[in-house]
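Student: Kindly generate the complete structure, drawing on both the sequences and the hints.
For the first sequence, the residue numbers in our numbering are 1 to 613.
Pairs of lysine-lysine residues, derived as PhoX-like cross-links and limited to a Cα-Cα distance of at most 25 Å, are as follows: (1) 367 x 309; (2) 367 x 357; (3) 159 x 287; (4) 354 x 390; (5) 49 x 159; (6) 106 x 41; (7) 519 x 463; (8) 49 x 33; (9) 432 x 367; (10) 309 x 418; (11) 432 x 309; (12) 286 x 159; (13) 49 x 97; (14) 368 x 432; (15) 367 x 390; (16) 463 x 418; (17) 49 x 106; (18) 368 x 418; (19) 287 x 432; (20) 357 x 390; (21) 367 x 304; (22) 424 x 464; (23) 432 x 418; (24) 304 x 368; (25) 76 x 97.
If you are wondering where the hints come from, they were derived from the structure by calculation, not from laboratory data. All of these numbers come straight from a predicted model, not from anything done at the bench.
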Amino acid sequence: MFRALFRRNCILNKGADSTMHAYRSHTCNDLRKENVGDTVKLSGWVHRKRDHGGVLFIDLRDNYGFTQLVLDTDSKAFDTAEALRSESVITIDGRVKARSDETVNKDLPTGDIEVFVDAIEIQSAAQELPLPVFGETEYPEDIRLKYRFLDLRRDRLHKNILLRSNVIASLRRRMIDQGFTEFQTPILTASSPEGARDFLVPARQHPGKFYALPQAPQQFKQLIMVSGFDRYFQIAPCFRDEDARADRSPGEFYQLDMEMSFVTQEDVFNAIEPVIAGVFREFSDKKIDGGAFPRIPFAESMMKYGNDKPDLRNPLIIQDVTEHFRGSGFGIFASMIENGAVVRAIPAPGAGAKSRKFFDGTNDWAKKEGFAGLGYIKITDGEAGGPIAKNLGEERTQAIIDQLGLGDNDGVFFACDKEAGAAKLAGVARTKVGEDLGLIPDDEFKFCWIVDYPMFEYDEDNKKIDFSHNPFSMPQGGMEALENEDPLSILAYQYDIVCNGIELSSGAIRNHRPDIMIKAFGIAGYSEEVVEEEFGGMLNAFKYGAPPHGGIAPGVDRIVMLLANEPNIREVILFPMNQRAEDLMMQAPSEVSPKQLRELHIRTVEPPKKDGE
RNA sequence: GCGGGUGUAGCUCAGUUGGUUAGAGUAUCGGCCUGUCACGCCGAGGGUCGCGGGUUCGAGCCCCGUCACUCGCGCCA
1 MFRALFRRNC ILNKGADSTM HAYRSHTCND LRKENVGDTV KLSGWVHRKR DHGGVLFIDL
61 RDNYGFTQLV LDTDSKAFDT AEALRSESVI TIDGRVKARS DETVNKDLPT GDIEVFVDAI
121 EIQSAAQELP LPVFGETEYP EDIRLKYRFL DLRRDRLHKN ILLRSNVIAS LRRRMIDQGF
181 TEFQTPILTA SSPEGARDFL VPARQHPGKF YALPQAPQQF KQLIMVSGFD RYFQIAPCFR
241 DEDARADRSP GEFYQLDMEM SFVTQEDVFN AIEPVIAGVF REFSDKKIDG GAFPRIPFAE
301 SMMKYGNDKP DLRNPLIIQD VTEHFRGSGF GIFASMIENG AVVRAIPAPG AGAKSRKFFD
361 GTNDWAKKEG FAGLGYIKIT DGEAGGPIAK NLGEERTQAI IDQLGLGDND GVFFACDKEA
421 GAAKLAGVAR TKVGEDLGLI PDDEFKFCWI VDYPMFEYDE DNKKIDFSHN PFSMPQGGME
481 ALENEDPLSI LAYQYDIVCN GIELSSGAIR NHRPDIMIKA FGIAGYSEEV VEEEFGGMLN
541 AFKYGAPPHG GIAPGVDRIV MLLANEPNIR EVILFPMNQR AEDLMMQAPS EVSPKQLREL
601 HIRTVEPPKK DGE
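Tutor: Next up, the structure:
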C-alpha cells in the first residue's frame with residue numbers, strides 16, 4: 001500500500017524518464033527479477049556492509065525495505081564504498097543484476113536481484129553511532145530517547161509507528177463512514193477544578209491568569225452537541241500532569257473522542273463497538289470473540305474480578321466466602337469479620353500439586369505489595385492442608401471447597417479486609433495466580449463493557465460524598481433518584497470498555513439538564529454559585545436548548561499498544577517523554593529567558609533545599 | 001512523596017568466598033580476504049566498575065548515603 005502511494009507521487013514528480021529524478025528511480029523495496037538489466041538510482045541508509053576485499057556488499061535501507069548493493073574493484077565507486085560507515089545516507093547509480101541461484105535471499109522481497117554500483121554520492125556521512133540501528137538488542141531507555149531518531153529507524157519501532165498511523169487512518173474512516181464529523185477544539189482553554197492536575201500556560205495579556213491545556217475536550221464536545229452538530233469525533237490530544245505508568249505516558253496522549261446527540265447508552269455502544277472490534281480485527285491476528293462485548297455491572301466486576309478492568313482471558317473468578325469464616329476457629333479472620341471485614345476466595349486450580357513454597361511465596365508477594373497477606377488452603381490428593389484448614393475445621397473447609405468447586409489437587413487463596421481492600425487484594429492476587437499458573441492465553445483479545453458505575457462514592461479522606469467518576473454523567477433515574485434515593489446507591493449512565501485488563505475508554509450519557517446538574521453537584525457538596533462559576537460556560541449553554549447526548553473516548557495509544565503487542569506505551573509514540581516528563585532529545589522542559597518571564601509576569605521560586613545546608 | 005529492580009568499555013553482558021594487571025561479544029580504527037546477507041581471519045585503541053563516604057592489609061563484590069533509568073503504590077473528573 002505504501003509503495004503504491006509513493007509511486008503515485010514519484011510519477012507526478014519525475015516525468016517520463018525514470019533516471020531524471022535527483023535521488024531515486026525506485027525505493028529500496030521495488031526492484032524484482034523483471035528489472036534485471038535496468039539502470040537505476042537508489043537512495044537510502046547504509047544498513048550493513050560486508051567487505052570481502054575484492055567484493056563488497058551493502059544493504060541499502062529506506063522506509064520501504066532493503067536492496068543489496070554490490071561493488072567490485074571494477075567499480076569506480078569501490079574506494080568510496082569501502083570507507084562508508086553504517087547509517088550514512090547515500091545515493092547510488094547502478095545496474096540491476098540477477099543473483100545466481102545459490103545467492104538468492106528468500107528473506108528479502110528484493111532478494112532475487114542486486115544492484116551493481118557504478119557511482120556513489122554521499123548525502124550525509126554518519127558519525128560513530130551511540131545506538132546501533134541494526135539488530136534486535138535492547139538498549140537503555142535514556143539513550144533510546146536521547147537518540148530517538150536513530151531508535152525510530154530500527155525495525156520494531158519503525159513498524160509500530162507506521163501501525164499507529166494506519167490504525168488512526170482506519171479509526172477516522174470508520175467514524176466518517178458512520179456519519180461522524182471531525183472537529184478541532186481549543187488547546188489553550190480554561191482550568192477545570194475536577195480531575196487530574198492541569199498543565200498551565202501563563203496568559204501574557206492577563207497578569208496572574210493562566211490557560212490550561214485540556215485534559216480532554218469534554219466540555220467542548222458537549223458544546224458541539226448543543227451547537228447542533230449531532231455526531232462529533234476527533235483524534236484528540238489530551239494533557240494531564242500526572243505521573244507515568246507503563247501504559248500511561250506522562251503529559252499527553254490521544255483519544256478517539258466522540259459524542260452523539262439524541263442517544264441512549266445502547267446507541268453509543270452500537271456506534272463504537274464495531275469501530276473498536278473492526279480495528280482490532282483489521283490489525284491483529286489474535287482471536288476476538290464475535291458478537292457484542294459482554295456487559296458487566298461495576299459491582300459484579302468488583303466482586304468477581306476485584307477491579308473494574310477485568311482481564312477476561314484469566315478464567316479465575318473470585319467468590320465471597322465471608323460466612324464460612326464468621327465465628328470460626330480461624331480467629332484472625334473471624335474477629336476481622338466482626339469488625340466489618342469480608343473474605344474473598346481466589347481459586348488456584350492445579351496449585352495443590354505444587355509445593356508449599358508456591359503458596360508461601362504468593363503470600364510473601366502480597367505482603368511485599370503492601371497488603372496484610374494471603375491465607376490459603378492447599379488440597380493434595382483430596383486432603384485439605386495448611387494452617388487455615390486446620391483451624392477452620394473439616395466441615396467449614398469442605399463447604400468452601402464445595403462452593404468453589406475445587407478438585408483434589410487445587411488450591412485457594414483468601415483475602416480478608418474491609419470490602420474495598422479485600423476486593424483489591426483479591427483482584428491483584430487473581431492476576432498473579434493466573435499468571436503463575438499459566439492460565440492467561442496470549443493469543444486473544446477479550447473485550448467487555450463495564451456498566452452501571454456508582455454516581456457517587458464516599459471520600460474517606462475528606463469525609464464527604466463526592467462524584468465517583470465523571471460529574472457530567474446522567475444519574476440513572478434522573479432528578480427523582482437524586483431527590484429520593486441514598487446517593488451512594490445511585491448508578492450513573494457511565495461505562496468503560498476494557499480489553500485484556502486494560503481500560504481502553506470511558507464514556508457516559510451526559511447530564512444535559514441544569515436543574516439535575518445543580519442537584520447532583522449539591523449532593524457532592526458544591527453550591528450552585530460554585531457550579532455557575534466553574535462550569536458556567538457549559539451550564540449556560542444548557543439553558544438554551546440542549547439535546548440529550550452521550551459519548552465515549554477510547555485511548556488511541558493503548559489501542560495501538562495492544563495491537564503492536566507492546567508492554568510499554570512509549571513503544572508506540574514517536575517522541576515520548578521519560579518517566580519524569582522530560583524530553584531527553586529536545587531537552588524539555590527548559591529554562592527560559594528573564595525577558596520571557598517578565599513578559600508573562602512570572603517570577604520563579606526555587607523549592608527549599610532538602611538538607612538545610 | 002513511598003517501595004522494588006537495574007547501573008562494569010560507545011552498546012550487550014560475564015566477573016567465583018573480598019585477593020595479582022577487570023574480561024568476552026559487538027561497535028570503532030588498522031591489516032588480510034571476489035559471493036556475503038549477524039561474512040570470515042589477524043591486530044590495536046577503548047574502563048572515575050553511576051557518584052560520595054565507610055569497613056578491611058586489600059572492595060566491581062560487604063555497609064551507609066546519593067544520583068540516573070525503570071516497574072509499581074499514591075495520583076489519574
